[in-house]
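Student: Numbering follows numbering that gives the first Met the number 0, with no gaps: position 82 of the sequence shown is 81.
One or more hints might be untrue.
Claimed, not checked - DSSO-like, lysine-lysine: derived pairs with alpha carbons at most 30 Å apart:
1. K57 x K8
2. K8 x K66
3. K57 x K35
4. K35 x K66
5. K35 x K8
Just so you know, these hints were derived from the structure itself, not from any lab.
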Amino acid sequence: MFTFDGLIKHDVQTGREEVLMFGEGVFGSETVVARKPAVGDEDDAWLITFTSDVPNDKSHCVVYDAKAFNDEPIARIELPERISSGTHACWAAA
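Generate the whole structure from the sequences, applying the supplied hints.
Tutor: This is how it looks when you write it as structure tokens:
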């Protein structure tokens, strides 16, 4: 079984990496990068992913600030049903 249990932010110029783990038994889906309206740096964006919390039979839509990658999510929305990990997504600006 192929599972995503976290995210890695990799700087291709410096090689520096930041790792964010979702937690025991929590797996993510494809993460989407949604640029903020007032774009400055390349990481002026939100990272949006769906997570499946298998032990608790729950799923969430989770939003992280790309600049504050290791902080708590800025939003965690519980979905009415658990979805499978690996769900695909895309972002389209309004």
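Student: Indicate, hint by hint, whether the structure satisfies it.
Tutor: We went through each hint and held it up to the structure:
1. K57 x K8: holds, 26 Å
2. K8 x K66: Distance ~10 Å between K8 and K66 Cα, so the pair holds.
3. K57 x K35: holds, 28 Å
4. K35 x K66: Judged against 30 Å, a Cα distance of about 11 Å means the pair holds.
5. K35 x K8: The hint holds at about 18 Å.
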